[in-house]
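Novice: The sequence shown maps to residues 1 to 445 in UniProt numbering.
Hints in this document: simulated from the structure, not taken from any laboratory. C-beta atoms are modelled at their ideal positions from N, C-alpha and C, and glycine is treated no differently. Heads up, a few of these hints could be off.
As the list claims (entries may be wrong) - Subject to a maximum C-alpha distance of 20 Å in a straight line, what follows is the list of computed EDC-like cross-link-like pairs (lysine to aspartate or glutamate):
{"#": "1", "residue 1": "Lys72", "residue 2": "Glu423"}
{"#": "2", "residue 1": "Lys72", "residue 2": "Asp289"}
{"#": "3", "residue 1": "Lys72", "residue 2": "Asp242"}
{"#": "4", "residue 1": "Lys38", "residue 2": "Glu25"}
{"#": "5", "residue 1": "Lys38", "residue 2": "Asp70"}
{"#": "6", "residue 1": "Lys72", "residue 2": "Glu181"}
{"#": "7", "residue 1": "Lys276", "residue 2": "Asp242"}
{"#": "8", "residue 1": "Lys276", "residue 2": "Asp286"}
{"#": "9", "residue 1": "Lys72", "residue 2": "Asp146"}
{"#": "10", "residue 1": "Lys276", "residue 2": "Asp165"}
{"#": "11", "residue 1": "Lys72", "residue 2": "Glu194"}
{"#": "12", "residue 1": "Lys276", "residue 2": "Glu181"}
Said to hold, decoys possible - Cβ-Cβ distance ranges computed for the label pairs, FRET-style:
{"#": "13", "residue 1": "Thr151", "residue 2": "Gly178", "range": "36 to 44 Å"}
{"#": "14", "residue 1": "Asn9", "residue 2": "Pro314", "range": "55 to 63 Å"}
{"#": "15", "residue 1": "Gly187", "residue 2": "Asp279", "range": "51 to 59 Å"}
{"#": "16", "residue 1": "Gly266", "residue 2": "Arg42", "range": "26 to 34 Å"}
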Amino acid sequence: MSAITDALNRRGALPAADLYRQVAEDVGTERSFQRAIKAEPRVVALGQTSRRAYALSRPEIAPVPILLRDEKGVDHEVARLVALVAGQWWVQPSAAAPAWMRLGEREGTPGVFQGLPWFLEAFRPAGFLGRAWVREHAHAHGWTFDVNAWTEDQVITAALQQPWDWRGNLGLARLVDGDGEPLIADGRRAIYAERAAQVLDGVMVGASADGEQPKFTAVVNDGVGYPPRAVLVKFSPPLTNDPAAQRWGDIMITEGIAAQVMMAHGVHAAPTQVWKHDDRIWLETDRFDRIGDHGHRGMASLRSLAQTFGYMGPQNGWVGAVEHLERRGAVDEQQLARARQLASIGHLLANTDMHMGNLSFLLSDDREPLLTVAPAYDMTPMRWVPAPNGNVPVLVSEPLPRVDDPGAHAIARDIWDETARHELVSAAWAEWAAHRATQLAAHTP
1 MSAITDALNR RGALPAADLY RQVAEDVGTE RSFQRAIKAE PRVVALGQTS
51 RRAYALSRPE IAPVPILLRD EKGVDHEVAR LVALVAGQWW VQPSAAAPAW
101 MRLGEREGTP GVFQGLPWFL EAFRPAGFLG RAWVREHAHA HGWTFDVNAW
151 TEDQVITAAL QQPWDWRGNL GLARLVDGDG EPLIADGRRA IYAERAAQVL
201 DGVMVGASAD GEQPKFTAVV NDGVGYPPRA VLVKFSPPLT NDPAAQRWGD
251 IMITEGIAAQ VMMAHGVHAA PTQVWKHDDR IWLETDRFDR IGDHGHRGMA
301 SLRSLAQTFG YMGPQNGWVG AVEHLERRGA VDEQQLARAR QLASIGHLLA
351 NTDMHMGNLS FLLSDDREPL LTVAPAYDMT PMRWVPAPNG NVPVLVSEPL
401 PRVDDPGAHA IARDIWDETA RHELVSAAWA EWAAHRATQL AAHTP
């Protein structure tokens, strides 16, 4: 091992001047340093001449193209992903690379990230839909079934071996389409019932959207003049003689209403539809990372961004993490205000599951701001969901959380009021929702 490769192996990527200082005694003059650099086949040059830096590549993972599918469905090679030593990765941009690919790179080493870049988090799929894909690779390779315990090399290897219809708009080496032909809207309920049975039988249907509740993805054709809609479909257990299933149905109805009410108040939320069919409650939510026939839109979770920008605070809330991103210059004040508003609404809805995977950001390819808070989703009163053993929490009166946002109070009040009047909710849930709406009306700041 030469002095140059030894320094890069120990320190990771370094600006040219820093690397030269590390090895000057061994290589001599700067001219000799440049000759020595060129003689090292694994040393890669980063950035332009004025910002030159160097890193040491790893042979275990060959460089791989990063592809982006735009909102019109056109694929572009925007970068190459190169594995480096010291747990680093280099995103070598092409002329088509969006500006957000620079966010979070290490200072002084252009395109270098400590750990997999935040915008590649979709390749480590989580939740109900990701489990089958993870299980397949874990079984084939003898890996753990816990995808969060996979090494970064394992994540990239699996993504290359079996590309998926990943969340967002990126892929490695090639992009694949998911969900097949659009379903005619008028006939989709019966098809959904068939897909639900397949999902519960362990057949993977649809693509990667996080969350633990049973679900699948689909594309819906609403008729002439309407673009296809990519949707995420949740479904309750059969309702008859099952209090836990009825509670899940009530929760899902409230989630659907919450999105509709937020939209009516001018808050960005993913459109929803709710109905009862085949003794189940169904919740259909439009996906905001899909557009029309084949278009994709970039997205990333708050979790991945917070980790990249060094957030060390609580993992079960949004505001502190987004405040950290705002201080680091990753998002602007408007996005922080949106996150605060959504968190306030969530608190008033008893949404106890506002983890950092349940708030996402859209990625802008060609305009500012680069990151904007995505439409709200999974906004639902998780405080009252059944326990894993089927026990249903008793609905008891509780004080309202302290929230000083009058707009959030008005939205939450309308959500509970609409829920109380919905024809599909249980009598107990309707009574509880009406009580909560009355509480909010009496305590609006």
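Novice: Quick check: which numbered hints come out false for this structure?
Specialist: 1, 3, 5, 9, 10, 11, 12, 13, 14, 15, 16
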